[in-house]
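**Q** Starting from the given sequences, assemble the full structure and let the hints guide the process.
Residue numbers (this note's numbering), protein chains in the order written: chain G, 1 to 393; chain P, 1 to 154.
Please note that a few of the clues may not be correct.
What the hints assert, rightly or not - Only pairs whose alpha carbons sit at most 30 Å apart, straight line, appear in this in silico DSSO-like list of lysine-lysine:
| id | chain 1 | residue 1 | chain 2 | residue 2 |
| --- | --- | --- | --- | --- |
| 1 | P | 69 | P | 80 |
| 2 | G | 27 | P | 108 |
| 3 | P | 124 | G | 27 |
| 4 | P | 117 | G | 325 |
| 5 | G | 320 | G | 344 |
| 6 | P | 69 | G | 344 |
| 7 | G | 320 | P | 153 |
| 8 | P | 32 | G | 27 |
Simulated from the structure, these hints should not be mistaken for laboratory data. The model shown is predicted, which means the values in this text are computed figures rather than measured ones.
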Amino acid sequence: MEKSMGATNAKVINHIPEDLAFSILSKLPLKSLKRFGCVRRSWALLFENLHFLNMYRNYFISNNHSYYDGTSILLNQTNNPLSGEAFHSTLYLLSGERFENMVKLDWPPPFHEDDSFIEILSKTSVNGTLCLAQKNGMDLKCLFWNPTTDEFKIIPSSPFLYQSPYMEPTVNFNGFGYDHVRDDYKVLRWLCFFNITDVEVPWEDYLDVDAMWEIYSLRSNSWTKLDIEMPTSASNEKLHVDGVCHWWSINDDINCYDSPPRLVSFDLCNEVFLTTHLSSDMIDPLNILHLTLLNGFIAFIIYDQTTTFHIRILGELGVKESWTKVFILEPLPSIEHPIGAGRKGEIFFRKDDDELVWFDLSTQMIEELGVKGREHCCHIVIYKDSLLPIGGF
Amino acid sequence: MAEEKSQASSSKMLTLKASDGVLFEVELNIAKEMKTVQAYIDDCEDIETIPIPNVLGKHLAIVIEYIKKTNEEYDAEFEKQWNMDDLQLLLLAANYLNISGLQECLCKAIAKRIENKSPEYVRKVFNIENDHSPEEEAKLRKEYKWAFEGVDKD
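**A** Shown next as structure tokens:
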């Protein structure tokens, strides 16, 4: 029951100055801000007002999103070998205010012999469990691993990989995540098939195998074919938030034609997807896009090849006009590309000399991590540990 | 669980006088949370009664209570008690007294209350006049159609 202070609160004195109003507005989601542009003229131009923009940025960076409660940061790094040397993926746990502590974690036994190009799917953990994948020619490894308990569980091979002895599959992992309705862990993949060359296929054995989607469920411990037409991922940037796997693609729904880039969001619970196109001013053939989660929000870090990066935050899933430009990173010389974001406005990058660094959005300072990494092979993972057995069941 | 601010070694008391003449005796360390009061003390060290001409007694009482008790749980419960008018007046008080913690809490509270409302509602709440031309507003509504979905009825 709301208390009221009585009739002395005349409307005359109830005037919040614009400055304070901005302070209130800076704490609102993008959808509300766009709607309130109708309130008055100055509010329609909020994101062009530097004063407001600074308030909005400060709140955005400092506001603790619950997604990050109890989490740590993992760095999955691949070396850039000299000729004759092998590739190795190394996993580090970063801690400390300035990530000054880097502890190397050992991969689970299935990767002890070959630890090259190990991918941590969707850069996420579910109840302390990561999903690791490695594609090495014909060899395909995929398993669940809890680095805290060292437990691992190998995911069985899919019956759809070798439907025809004359066709070779190419596997594209699109996501790993949690179905909270069935309390299940799921892995999503896209397969496409190519004729094995130099092999004469007997006419009676000819089998045309179409590209297809498949999904693995831990509860049923099996792969199921998904009857869906959906664009597969074009990059290594895949995310998982609240039971939805996100990636971006330059394919159309049947993965046959080149299309303008779009965000694809696949709901693991009801197994349907939503597409969010990018606004026209984000699409430029010279732009390099990097999809990431920034303080809990889906964002693209866009590099326009003039050493200036800017960040667009998605206001509403499915709405291409809602990508809002919030941050502009002043020219960062010799910075090549982002490798992920931390928990409080830190953005990790790789420099052109292979050095991995992190950039603090609030202080605009750059610091080296002390390790080098290969182009496009290093990623940041937000990890929440747990002692639960894999699957929790 | 309310957390009382720790007793400073100097439990010197100060008197704050609200705009309607109501007097409040507070400890120095509590009064110092209001940076406006702090500035006053810095200027005239021997002062015992500090005038607060912009704030009514009933609001100053709430502000002092907040400073004494503040923590996150208290914040969440605190803002539920007041109607929109009082929240705004409290924000003006906190702004004048320069108490950043309380300002943040109140801004967040007001933001939460207007988050899903219509522009008309917001104009009424903040007593703002619409300076858009009808054409301008219509254009904005069309451009941001997606932002108007699922909005609370006024």
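**Q** Against each hint, give a clear statement of whether it holds in the structure.
**A** Hints and how they fare:
no., hint, verdict
1, P:69 / P:80, "16 Å, holds"
2, G:27 / P:108, "6 Å, holds"
3, P:124 / G:27, "20 Å, holds"
4, P:117 / G:325, "24 Å, holds"
5, G:320 / G:344, "26 Å, holds"
6, P:69 / G:344, "28 Å, holds"
7, G:320 / P:153, "26 Å, holds"
8, P:32 / G:27, "27 Å, holds"
Violation of the numbered hints given earlier is absent; every hint is satisfied by the structure.
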